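Using the sequences plus the hints, can you model the full thing?
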Amino acid sequence: MATLTVTAKGQVTSRKDLLQHLGVHPGDKLTVDKLPDGRVSVQAARPAGAISDVFDLLKRENGPSLSIEEMSEIAAQGRAGKSWAGKR
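Mapped onto UniProt numbering, the consecutive letters of the sequence shown carry residue numbers 1 to 88.
Rather than coming from a laboratory, the hints here were simulated on the basis of the structure. Keep in mind it's a predicted model, so treat the numbers as computed, not measured. Note that beta-carbon positions come from the ideal geometry of N, C-alpha and C, so glycine has one too. Take these hints with a grain of salt, some might be off.
Computed beta-carbon distance windows for the label pairs [said to hold, decoys possible]:
#1 A76 to V12: 51 to 57 Å
#2 T5 to L35: 17 to 23 Å
#3 V32 to R79: 41 to 47 Å
#4 P64 to G10: 51 to 57 Å
#5 A2 to H25: 32 to 38 Å
#6 T7 to K29: 18 to 24 Å
Structure follows, in structure tokens:
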């Protein structure tokens, strides 16, 4: 168990090994849940993406987007263990 100290400003500095355990780095956020009996639960805040994050995922840099047929062909080749790189 680690002991942390609260400063006069109400700030708490965490130990490096605790931050590594949480998988957080400078600038990352933590979530703190208040539990019964004065306890808290601290976890790394993981961003929950929006559906719009996947828009244009299959769009090519210099060309049109893949058609449904092209996507189906690529998927079928992947299931068959074939590479589609460089085709088209």
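Structure-based check of all given hints:
In this structure, A76 and V12 meet the distance hint of 51 to 57 Å, their C-beta atoms being roughly 55 Å apart. Taking 17 to 23 Å as the suggested C-beta distance range, the pair T5 and L35 conforms, at roughly 21 Å. Under the hint 41 to 47 Å, the C-beta atoms of V32 and R79, about 45 Å apart, fit the expected range. A C-beta distance of roughly 56 Å is found between P64 and G10, which places it inside the suggested range of 51 to 57 Å.
Against the hinted window of 32 to 38 Å, the Cβ-Cβ separation of A2 and H25 comes to about 18 Å, which falls outside the hint. Taking the beta carbon of each, T7 and K29 are about 20 Å apart, inside 18 to 24 Å as hinted.
The structure does not agree with numbered hint 5 stated previously, though it agrees with all others.
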